[in-house]
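Line by line, the protein sequences are chains A and B. Mapped onto this note's numbering, the consecutive letters of the first sequence carry residue numbers 102 to 545. Mapped onto this note's numbering, the consecutive letters of the second sequence carry residue numbers 102 to 545.
In short, the hints are calculated from the structure, not lab data. One thing to keep in mind: the hints can contain errors.
Among the chain B residues that face chain A by a calculated CB cut under 8 angstroms, a handful are [to be verified]:
| id | residue |
| --- | --- |
| 1 | P110 |
| 2 | P145 |
| 3 | I175 |
Where a beta carbon is used, it is the ideal one built from N, C-alpha and C, also for glycine.
2 protein chains.
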Amino acid sequence: MRLSRTFLPLLKETPKEAEIVSHRLMLRAGMIRQQSAGIYSWLPAGMRVLTNVANIVREEQNRAGAQEILMPTIQSADLWRESGRYDAYGAEMLRITDRHERDMLYGPTNEEMVTDIFRTHVRSYRAMPMNLYHIQWKFRDEVRPRFGVMRGREFLMKDAYSFDIDQAAAERAYHRMFVAYLRTFRRMGLTAIPMRADTGPIGGNLSHEFIILASTGESAVFCHKDMLDKPVPPADTDFMGDLAPIVDDWTSLYAATDEMHDEAAFAAIPKDKRVEARGIEIGHIFYFGTKYSAPMGAVVAGPDGTEVPVHMGSYGVGVSRLVGAIIEASHDDDGIIWPESVAPWQVGIVHMRPGDAACDEVVDRLERGLEASGRTVLVDDTDQRPGAKFAAMDLIGLPWQVIVGPRGVAAGEVELKNRATGERTTMGEAELMNRLASTAGATA
Amino acid sequence: MRLSRTFLPLLKETPKEAEIVSHRLMLRAGMIRQQSAGIYSWLPAGMRVLTNVANIVREEQNRAGAQEILMPTIQSADLWRESGRYDAYGAEMLRITDRHERDMLYGPTNEEMVTDIFRTHVRSYRAMPMNLYHIQWKFRDEVRPRFGVMRGREFLMKDAYSFDIDQAAAERAYHRMFVAYLRTFRRMGLTAIPMRADTGPIGGNLSHEFIILASTGESAVFCHKDMLDKPVPPADTDFMGDLAPIVDDWTSLYAATDEMHDEAAFAAIPKDKRVEARGIEIGHIFYFGTKYSAPMGAVVAGPDGTEVPVHMGSYGVGVSRLVGAIIEASHDDDGIIWPESVAPWQVGIVHMRPGDAACDEVVDRLERGLEASGRTVLVDDTDQRPGAKFAAMDLIGLPWQVIVGPRGVAAGEVELKNRATGERTTMGEAELMNRLASTAGATA
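Please take these sequences and the hints and turn them into a complete structure.
So this is what it looks like as structure tokens:
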């Protein structure tokens with residue numbers, strides 16, 4: 102792809118309204134544009150990252166046996182009256198009246214609707230375990246939306262809902278999502294720590310928030326230091342097998358948000374292993390039993406023919422929020438540092454002399470070769486000065502940068518820069534292809 | 102994928118509320134569930150088709166040089182006041198008041214918002230040609246929504262917007278979308294005919310509706326018979342080259358909707374070449390000049406430094422509507438007949454004796470082999486009777502069906518059925534793999 106034909110409106114100035122670094126960098130790197138308070142358009146570079154993030158979420162949901170559906174954004178108020186939440190939900194719910202004066206709303210979440218789908222079509226325990234998810238825009242009318250896509254009003258969320266015959270089966274469903282989340286976030290280069298969360302009137306210990314550490318985090322968090330470098334389960338994990346040992350291992354060390362913090366338990370950890378930091382919530386999994394299935398009549402016949410309300414759980418990932426969270430976790434003074442797995446383009450080619458026949462030829466060949474090997478490539482073929490081109494590549498944060506200039510080309514060489522380490526190496530074209538092709542797909 | 106673990110709620114009864122065949126079949130095949138009037142959830146099979154359709158649209162937009170963005174569903178009324186459409190748009194616009202009493206709306210289309218994005222970031226003619234598109238949910242509050250996803254209230258649409266320095270350049274942008282649409286619809290197995298459409302006060306001839314013929318179509322259409330079997334431009338068409346000859350060729354034969362019909366011109370066609378039918382609109386392309394850019398101040402400096410309002414066009418495809426339209430065009434008494442390119446699964450394996458070790462082994466091997474070759478596969482591993490299994494495969498319309506039973510397996514054979522022709526052929530496993538693998542990707 103050629104920058105000269107790409108809509109990538111970089112800003113020189115730091116936008117005043119942006120309070121945190123991810124918001125600043127997303128605006129400066131031409132990823133988003135605010136349309137109203139807390140409502141954003143995603144420009145091409147932002148859209149590419151959002152798509153990459155959503156695809157990783159989707160792949161890991163599918164791997165764990167969840168099935169993708171798509172529920173609409175606009176819901177009937179009647180469903181929410183059945184669960185009792187229509188009146189209980191506050192001003193954050195965007196309430197709408199249609200032309201026939203029917204009460205509608207823009208869904209802030211989908212427990213009621215998915216329970217309705219289930220009760221309509223499923224009558225027997227044999228259809229379970231079942232986990233239905235969708236990746237859809239939600240709306241929560243925050244009083245004071247801020248921090249860009251981190252706390253927007255219209256936001257993209259993956260929400261999954263599990264249906265099981267009893268609590269033991271629901272626990273297995275919970276474990277599958279727990280493990281899927283570990284893999285999902287790690288694939289985006291994040292160290293997400295599952296922390297016990299409040300279960301409210303449901304009780305039990307089946308509620309975890311997945312938190313990344315960042316100085317701009319919304320809440321204080323506390324955990325054992327060893328949580329920060331635990332390896333996550335591999336891609337060939339058997340999700341139909343027993344995942345309890347993995348979950349037990351991950352929950353054996355102390356990790357809690359402010360809300361659930363236990364000062365005494367934390368003090369029992371060796372001092373050099375105590376981590377106190379701020380955290381950003383990027384996922385939340387929650388078992389809520391028959392909270393919706395009982396009032397809404399989502400019952401199935403068990404093996405003995407008796408009808409029982411199904412046990413449910415819900416599992417959310419903030420997809421649009423993750424784009425901001427990844428930047429919070431991975432940037433420097435020059436701009437964003439994208440992990441390869443979600444980068445808008447994995448390789449940037451800085452074409453130092455567009456129009457120079459020898460350079461053009463090398464750039465064309467590298468672009469075609471890298472794209473053929475499965476890499477996404479952005480070629481800066483503009484007539485900007487070299488310094489501006491280097492700064493742009495660092496600002497938008499492409500993981501690999503290849504510099505092609507006349508002197509190098511005459512010597513049969515190009516330069517490769519690693520955005521994360523800053524390391525620059527001069528090498529021949531063949532070696533470059535070898536290096537970049539050899540790591541393709543390694544992030545999966 | 103195993104049917105026993107797939108949420109595919111088939112209906113035996115024909116739903117009474119469904120007036121047209123696509124609506125009936127989508128409900129019976131477990132593709133959608135109505136949540137409110139004109140508002141649907143997409144269940145797994147439906148979601149897979151919707152995704153396939155959207156991806157073909159996306160690939161052809163990208164090929165034609167359009168860039169994907171994503172604008173939000175909720176818009177500020179202020180933008181629409183700038184264009185004068187906020188008051189002009191009738192009751193179909195879903196108007197919303199947020200918690201701060203601001204007037205918002207659920208976007209029925211995005212001319213205003215995309216013009217706002219453009220005017221904010223683009224100042225020079227050198228950024229053009231530019232074409233920005235998104236695939237996003239829209240809402241139009243139809244008085245009487247019907248025909249399932251064909252005329253819903255919440256619907257998925259691809260809308261692209263082109264920006265050019267003058268009318269001649271805008272015409273070239275129009276040609277690119279014209280050719281992209283020919284390719285898009287043909288890849289879905291559709292014969293879409295571009296028909297001149299009303300340009301209203303803009304005038305000129307740069308407005309075409311893309312129509313497929315179907316007895317349930319909403320309007321009468323008239324065209325020259327040769328329009329029905331014209332080959333579409335190939336994948337390697339140079340979209341930056343001159344596409345006028347292709348467009349001229351496609352517009353040289355008579356084709357018009359009721360609205361634009363010219364009885365005299367139609368009568369001049371040889372009698373055996375006149376086609377009178379009913380049609381379904383699946384796309385619409387439209388040049389509207391400076392209609393939005395002038396009032397909204399979207400101006401750029403031309404080569405001589407003079408500021409001029411940009412010339413724009415818009416290009417819509419009804420993505421969710423297409424799922425219904427494809428069924429209207431391709432079904433029989435037994436159910437849907439999916440083209441391979443959009444089928445929820447390309448191959449269905451009817452496992453006649455789950456639990457029989459020899460059959461299990463063949464089914465497992467075929468499933469793995471076909472999936473490795475890039476095919477999507479659904480294995481019916483349920484304990485339904487054979488007749489019910491065959492009927493289900495035909496109802497959900499999988500293009501290729503492989504029957505694996507104990508007698509065949511003992512003889513080293515399986516049976517392959519072509520859903521479209523009904524042809525059944527017995528062959529060895531190796532030959533089957535050869536046949537199905539050899540056509541993979543041929544639809545692209």
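Looking back at the numbered hints, which does the structure fail to meet, lowest number first?
No hint contradicted; all consistent.
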